[in-house]
Structure formats: structure tokens, C-alpha cells
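Participant: Order-wise, the sequence lines are chains B and S. With the numbering used here applied, the first sequence closes on residue 445, and no number is skipped along the way. With the numbering used here applied, the second sequence closes on residue 483, and no number is skipped along the way.
Bear in mind the hints are in silico, worked out from the structure with no lab data behind them. Misleading hints may appear alongside valid ones.
Unchecked claim - List of simulated lysine to aspartate or glutamate pairs, DMTMM-like, C-alpha gap at most 25 Å:
| hint | chain 1 | residue 1 | chain 2 | residue 2 |
| --- | --- | --- | --- | --- |
| 1 | B | Lys-251 | B | Asp-226 |
| 2 | B | Lys-307 | S | Asp-171 |
| 3 | B | Lys-160 | B | Asp-212 |
| 4 | B | Lys-160 | B | Asp-419 |
| 5 | B | Lys-417 | B | Asp-212 |
| 6 | B | Lys-198 | B | Glu-266 |
| 7 | B | Lys-336 | S | Asp-304 |
| 8 | B | Lys-251 | B | Glu-8 |
| 9 | B | Lys-336 | S | Asp-354 |
| 10 | B | Lys-336 | S | Asp-396 |
| 11 | B | Lys-384 | B | Glu-359 |
| 12 | B | Lys-336 | S | Asp-167 |
| 13 | B | Lys-336 | S | Glu-182 |
| 14 | B | Lys-336 | S | Glu-238 |
| 15 | B | Lys-112 | B | Glu-48 |
| 16 | B | Lys-198 | B | Glu-352 |
| 17 | B | Lys-307 | S | Asp-167 |
| 18 | B | Lys-112 | B | Asp-125 |
| 19 | B | Lys-251 | B | Glu-389 |
| 20 | B | Lys-417 | B | Asp-333 |
| 21 | B | Lys-307 | B | Glu-25 |
| 22 | B | Lys-417 | B | Glu-366 |
| 23 | B | Lys-198 | B | Glu-366 |
| 24 | B | Lys-417 | B | Asp-396 |
As the list claims (entries may be wrong) - Calculated from the model, a selection of chain B residues having no Cβ within reach of chain S, i.e. all distances over 10 Å:
| hint | residue |
| --- | --- |
| 25 | Arg-72 |
| 26 | Leu-138 |
| 27 | Lys-198 |
| 28 | Arg-364 |
A virtual CB, placed ideally from N, CA and C, is assigned to each residue, including glycine.
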Amino acid sequence: MTDLPEFTIRVDQNPYLPADGTEMHAIISVEARASAGARPGTPRGEAAEIIIIDTSGSMSYSGKMAAAKRAAKAAVGVLRDGVHFAVVAGANQPRMVYPQQERLVRAGEKTRRDAAGAVQRLDAAGGTAIGSWLRLADRLFAGHGDAVRHAILLTDGKNQHESDEELESALRQCAGAFVCDARGVGTDWNVAELRKITSALLGGFLDVPDPRDLEADFLAMARDAMGKEIADVVLRVWTPQNAEVGLMKQMAPTVEDLTGRRSEAGTRLGDYPLGAWGTEQREYHLSVTVPPGDVGRQMRAAWVKVIAPARGGEAERVLATGNVLAEWTDDEAKSTRINMRVAHHTGQAELAQAINEGMEARREGDEDTATARLGRAVVLAKRVGNEEIAGLLDRVVDVVDAESGTVRLKRDVSKADEMSLETRSVRTVRTRQGEEPPNEAGS
Amino acid sequence: MKPGTDAGRKALGEARGGACASCGEPYEGTDRFCERCGHPHACRIAVPRPEAGPGRCADCGAGAVGADGYCDQCGLRQPSGREHLEAELKGDAGPPSAAAVTDVGSRRARNEDAFALVALPQAVCGVVCDGVATAPGSEEAAWLAAGTAARVLAGRLAAGMSPHLAMRTAAVLAGEAVASLPGSGAPGDPRGRPACTFVSAIVQDGGVTVGWIGDSRAYWLAGPEGGSRLLTRDDSWAVRMIARGTMSAADAWADRRAHLLTAWLGTGAGLLDPHVTAFRPGGPGLVLICSDGFWNDLPDASAIAAVARTGTNTPAGPDPDMDVGADPFADPLAVARRLVRAALDAGGHDNVTVAAIPFPPHGPDGASTGGTEPSLTEFREPGP
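Kindly generate the complete structure, drawing on both the sequences and the hints.
Facilitator: In C-alpha cells, the structure reads:
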């Protein structure tokens with residue numbers, strides 16, 4: 003088999019709890035570095051890529067179809083030799099664009115050229131039924147279970163031509179079968195819908211208001227997908243008896259709540275899916291509720307492990323481990339100390355929530371709530387140093403006082419700016435270097 | 100003569116009747132050295148170790164305790180057995196040769212101090228090592244260093260090596276043993292490597308030889324007539340600053356960097372150059388070696404001597420259990436317990452470890468030690 007990336011786990015926490023304290027928070031930073039196999043000229047693991055292009059009738063406006071064709075061709079162009087791939091067109095029903103049969107073909111000079119030709123002949127007609135598109139992708143990926151399986155989904159509209167139940171059921175079927183990143187082009191798609199789809203499929207999504215930006219975006223997304231070396235990674239969390247995980251949230255690069263994604267992996271063990279990994283770093287906020295302990299006692303509140311799945315007869319492998327500890331103390335100086343990374347990510351989670359609630363209230367005409375929540379978001383964005391979100395907030399509210407969070411709702415806000423703020427509210431920034439307190443020294 | 104100790108016997112991993120104190124090889128007759136490892140037989144050695152494998156969890160009763168001390172069911176950390184250890188080297192007859200006590204203190208979760216004691220016909224030796232708390236694995240490092248140094252001292256002194264050279268050899272080999280331990284951090288990152296301090300005393304009729312690396316100390320404790328003194332000079336930031344004249348003693352010790360080590364055993368320590376000095380006492384007394392967890396709270400030699408003699412450093416309140424007329428240093432275990440108790444009462448912020456060796460020394464058979472008297476040129480005044 004090929005080499006796996008090297009994983010490391012780092013745990014940031016204040017391990018001290020006051021007497022009777024039961025809630026322990028920690029930031030789990032997981033970092034993967036490309037294996038030797040990722041060097042040019044050495045063999046790589048199998049990968050499978052499906053590009054799904056919305057070809058509903060609305061795509062023919064504003065140059066979206068032409069941009070989507072350029073983007074799809076660019077993505078096909080960067081597929082590595084040997085990667086299994088297909089291009090699918092989505093409307094009321096999905097349709098194979100390349101190859102014509104329902105299967106994946108290996109990328110090579112000829113197949114990439116033929117696929118680009120097929121993409122060029124696409125026409126826009128019909129409606130939007132994303133669930134059915136994903137089901138086709140699921141069928142195509144079947145038989146490629148050992149590969150890194152990734153889909154790129156482009157849409158410009160709401161999922162109008164199938165029921166919510168149909169989409170939900172498709173997501174249930176596809177969850178775990180492949181990772182899907184999505185792009186919404188134009189301003190007629192639904193932020194919540196794409197969030198639901200990509201969350202279920204462990205991917206991310208972005209808004210692309212201007213179709214001309216699509217090509218560069220697809221190129222980056224396809225290159226990123228080609229950089230993934232291992233699929234179906236899980237974070238396994240051991241907790242002591244009578245303890246339970248309160249929260250398991252990805253906090254970087256985006257906020258993604260994984261708490262409900264737990265699957266039991268044995269006594270006191272829960273698995274949280276982490277999807278596919280290349281060279282990258284992600285951070286998770288874990289909270290565990292433990293039984294109270296006596297002052298002076300120490301407990302392992304959680305034992306976290308990054309696990310590579312069993313593959314081709316090989317057993318699953320532990321790639322990295324980390325400990326979340328707890329120690330009860332009557333020293334208040336210790337138990338009240340706040341870990342900077344925990345505080346940082348708690349602020350970012352609250353920021354995403356404030357934007358969500360503020361924009362929801364704004365849509366419903368509840369201006370008081372919208373003003374209060376978006377004002378809070380302005381304060382938090384400044385505190386955590388998230389300049390992208392601060393800039394997006396500036397397009398939706400007039401900031402009177404950034405310190406206190408006094409804002410006024412802007413009257414004329416473009417649809418694109420609204421959608422951009424909602425889409426990007428979950429994108430976080432990492433804690434800055436040099437913020438770590440120095441270690442205690444001495445013997 | 101059976102190798103062994105009285106107090107702390109269950110904690111001693113190396114004491115077996117009729118077997119080599121070092122490797123366990125059985126022996127009989129009059130061999131001076133073990134056939135298998137070369138360890139001297141006329142020797143008692145105490146390197147306390149916790150009971151092997153904590154086994155079942157004492158809290159939930161159901162879980163197994165992992166190598167890192169946590170229960171695999173309830174998650175509670177189980178005691179390592181190193182929280183409080185005592186040892187006394189004593190022959191079948193005569194007064195005890197040496198004693199040591201270590202305690203985790205009231206603030207630290209684990210005891211990263213270690214000690215070892217050796218009694219030979221020609222010398223009584225003690226070793227104290229203090230694991231560097233910020234480096235994982237330092238608990239193991241301290242016990243490994245103390246045990247290694249004790250065995251080296253026993254072997255080299257029995258073979259007739261001079262105490263000065265035996266001390267240097269013991270420190271260097273202890274340092275090599277620590278440096279060979281695996282680290283937990285990134286390769287090449289010295290912060291992730293186990294490390295510890297080292298202090299040792301060889302007490303002979305002819306005098307006292309002291310060696311050290313780091314900020315663990317040796318003291319000479321005299322009777323009420325005075326003369327108690329510090330025998331070592333710390334390898335620490337504060338002492339370096341004071342020695343350079345850069346800072347006043349008060350400012351240097353008040354600095355948060357005061358206790359940073361400038362030398363230690365372990366990776367990143369550079370070429371090991373242990374300090375070795377010697378001292379000829381003018382009369383009876385006691386050699387004390389200790390970790391900084393002890394002297395932080397009780398740095399003054401005269402005050403330490405008062406506590407060692409009476410259990411308190413005020414003349415008014417002697418230990419009520421003491422026989423006032425007796426030699427206050429004749430029972431080194433009682434002295435060590437009094438000293439550790441005083442340090443714990445004064446704060447106990449760190450692990451506290453002391454080893455006490457009365458002078459003139461008593462060998463393993465209870466008789467006064469013989470041995471070659473070191474040449475006078477080896478003795479020089481140690482710095483304060």
C-alpha cells in the first residue's frame with residue numbers, strides 16, 4: 003500500500019477544574035503532512051473525482067453556462083493521470099456527460115480531451131433536483147471504496163424539482179460514500195441548502211457571485227482534491243465511564259458541528275468522521291462532561307485518536323493520539339485560567355451563530371434582533387481578528403461603534419453581499435502565532 | 100551478610116538475600132565481586148522503586164491501569180507508588196549508615212525526584228536527582244540517574260578508585276543513561292527530552308566528596324556549636340547572575356528565571372562537566388543532599404541543622420519524641436523525616452527529597468568505614 007500522511011495531534015486546554023467542576027474543554031489540532039508517496043514520480047493511492055454541473059434552464063442567463071463549461075474543463079485538465087473520473091450534468095434528472103456509460107474512466111491525455119469536448123457541447127435546459135444528481139455520483143463511486151472519493155457540485159438555483167424528503171434521503175444514502183464540495187454561482191441559490199448538502203458530505207461550499215470567477219475557483223478546488231491522500235479518516239474519542247461528549251465541533255478552517263455525527267465504536271468509544279486529508283491542519287473543539295472528582299485527583303477526560311480505516315485486508319491504523327486531562331484543584335488561580343485557543347474558538351463559534359441569527363431576523367423583518375445580533379458579530383469579529391467577516395459585515399451594517407457593537411442596518415444591501423456574509427460566516431481564522439503563554443520552566 | 104534494608108524494604112527492588120544487590124545473581128563464599136556483573140558483594144544498595152504494575156484501579160475496582168497511570172474505565176489517575184518513599188541502610192548490628200525520604204509535596208501531581216543509597220566497607224554514598232518537570236519522562240530519568248550513579252559508585256569505590264574520580268565517573272555515566280532515554284517531542288527538540296539534576300556525596304572517615312550538576316544541593320550540618328554550611332553552588336540562572344555581578348542576590352532570586360537550570364543531565368546539556376569538591380569536617384555531623392523542593396523553603400544551613408537536630412529551627416521547641424541526651428544525628432531516618440516534614444509545612448510547592456549520611460560514617464557491618472584517606476590535594480574549599 004502507499005504511505006499514509008504523517009498525522010500529529012496537539013491538545014490545548016486548561017486541565018484544572020474547580021472542586022465539583024465537571025466540564026472540560028479542549029482544542030484538538032490535527033495536522034497531516036504529505037507522505038513520501040506524495041513526491042512527484044512516486045506511486046499514489048487511488049482517487050476518484052466526479053464533476054457535477056448544473057445544466058438547468060437558468061444557467062443559460064448571465065453567461066453562467068459558458069463559465070461553468072470553462073470551469074469544468076479546467077478542473078478536468080488538472081486531474082492526475084490514472085484518477086477515475088466522470089462529468090455529470092444535472093437537471094430534473096442527472097445525465098452522464100463523460101463517459102456516456104454509467105462508470106468512471108481513468109484520466110489520461112485522451113480521456114481528458116474527450117471529456118472537455120463533451121463538456122463543450124452541454125446545453126442548459128430543465129430544472130434542479132440535486133438529490134438525484136448525488137445518487138448518480140454514489141452509484142458511480144461504488145466499486146471505488148478504497149479510493150479518495152470526491153465530487154465537485156456546481157448549482158445556480160434552489161432544489162425545486164424534488165421534495166426536501168428526496169434530498170434528505172439522498173444525503174443519508176451518500177453520507178460517508180464520498181466528500182462533496184459545492185459552489186453556488188449567481189444569487190438565486192439557497193445558502194442553507196448548500197450548507198446542508200456539504201455538511202452531510204463533509205465538504206465545504208462558497209458563493210461565486212460573478213460567473214467569471216468560476217474557472218479559477220474550480221481549478222483550485224480540483225487541485226485541492228488531487229492533494230488528498232487518505233479518505234474516511236475518523237477521530238475516535240474515548241471518554242471515561244459516566245462521562246459524555248458535550249460538543250465535537252470542527253473550528254478551523256470552518257465551523258462544522260460534528261457532535262451529532264458520532265457513531266459508537268465500542269464501549270466508551272465514539273467515532274467522528276473527518277473525511278479526506280492531504281497536507282493540512284484542522285482544529286476541533288471538544289467538550290466532555292465528567293463525573294466530579296476530589297481535589298488533587300487527575301483524570302483522563304478524553305483520549306483522542308486519528309484512525310485510518312481498514313483497507314484491502316489491512317486493519318485500521320492509529321495515526322496519532324492525544325490526551326485531554328482533568329485535574330481538580332482548590333487553587334482558583336489555576337481553575338479560572340482560560341486557555342487562549344479555547345477562548346478564541348468559542349468566540350468564533352459565537353460569531354458564526356450571531357451572524358446566522360442576525361441575518362435570519364433581518365429576513366423576517368425583526369430589526370431589533372437583527373441589529374443586536376449583527377452588532378454582537380461586529381464586536382466578535384474584531385476580537386478574534388477575523389478581517390474577512392468584519393469586511394462582509396461592513397456591507398450589511400453601518401458600524402457606529404465597533405467596541406460596543408452599536409450598528410445600524412444598511413437599507414440597500416445587495417443579494418450577493420447578503421449571501422456572501424451568510425456563506426462565509428463559518429470561515430474562521432487560526433489563533434495568531436506568539437499568543438501562547440510561555441511554558442513553566444525549572445525543575 | 101544479607102544485602103537489604105530495614106525501613107522501606109518493600110519498596111526496594113534490588114534487595115535480595117544471598118543474591119547480588121545489583122543483578123540478582125546468587126552468590127556464596129568470600130567473593131568480593133559478583134561473577135556476573137562485577138558488583139561488589141560487601142555492599143548494600145537502596146534504589147527504591149514502586150511496586151511493579153499498579154494493576155486494578157483502586158477507584159472503580161473494575162478498570163486496568165495503563166502504563167501512563169490512568170484507569171481504562173473511570174479515567175482516574177492512580178498513584179504511582181512514588182508519592183512518598185523512605186529507605187534506610189542498616190547493618191545487622193550497629194547504627195544505620197544512611198537514610199533518605201522523598202515526598203511528592205502538596206502541589207505537584209507526580210514525584211519526579213529520586214534517590215539512591217550505598218553502603219560499602221570503605222564509604223557511605225547518597226545520590227539525589229530531580230527530574231525537570233517540563234520535560235516528559237523526567238520521572239524515569241531521575242530514577243535511572245540515581246540508580247546508575249549508585250551502582251557506579253559502589254563498583255568503582257570497591258575497586259579502589261579515588262572518590263574524586265568515582266564521583267566524576269558516576270555523574271558522567273548517569274548523564275549518558277539519561278541521554279539514552281527516548282524523547283516524546285519532535286526529534287532534535289531538547290524540550291521534549293527527559294532531563295534531571297544530580298547531587299551525590301561520598302562520606303568516608305577521611306572526608307566528604309561532593310559532586311553535582313544542576314540545582315540540587317549538599318549541606319554539612321554540624322552540632323549546636325556551629326559550622327554548618329552549604330557545600331555546592333547551584334547551576335542556576337540566579338547564581339550565574341549573582342556570580343557575574345549582574346544582579347543583586349535579592350533581585351536575582353526574585354526573578355522568574357531564577358531557577359532555570361544552566362546545567363543538567365540529559366540531551367542538550369552539552370559536554371558533561373560535573374562539579375566535584377571535597378571537605379574534611381572538623382568533628383561529627385551529618386551530610387545532607389537534597390532537591391530544590393527542600394532548600395527552596397529552607398535554604399540556610401544553620402536553620403537546616405537546627406531542624407535536623409530538633410525538628411524545629413527555634414531552640415525552644417525540640418521534638419518531644421527525641422531523646423535529648425542522644426546524638427541528634429545518630430538516627431538519619433528520623434533526621435530525614437524531620438527535614439521533609441519541615442519543608443512540607445513550609446509550603447511543599449515542589450517534590451521534596453533529602454538523603455542524610457552521618458559523619459563519621461558507619462559501614463554496612465556497623466563498623467566505622469576504613470578506606471584510603473584521600474590525598475589532601477583533592478580537598479579544596481567549595482564555593483558558597
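Participant: Under the constraints set out in the numbered hints, which ones does this structure not fulfil?
Facilitator: 7 and 20
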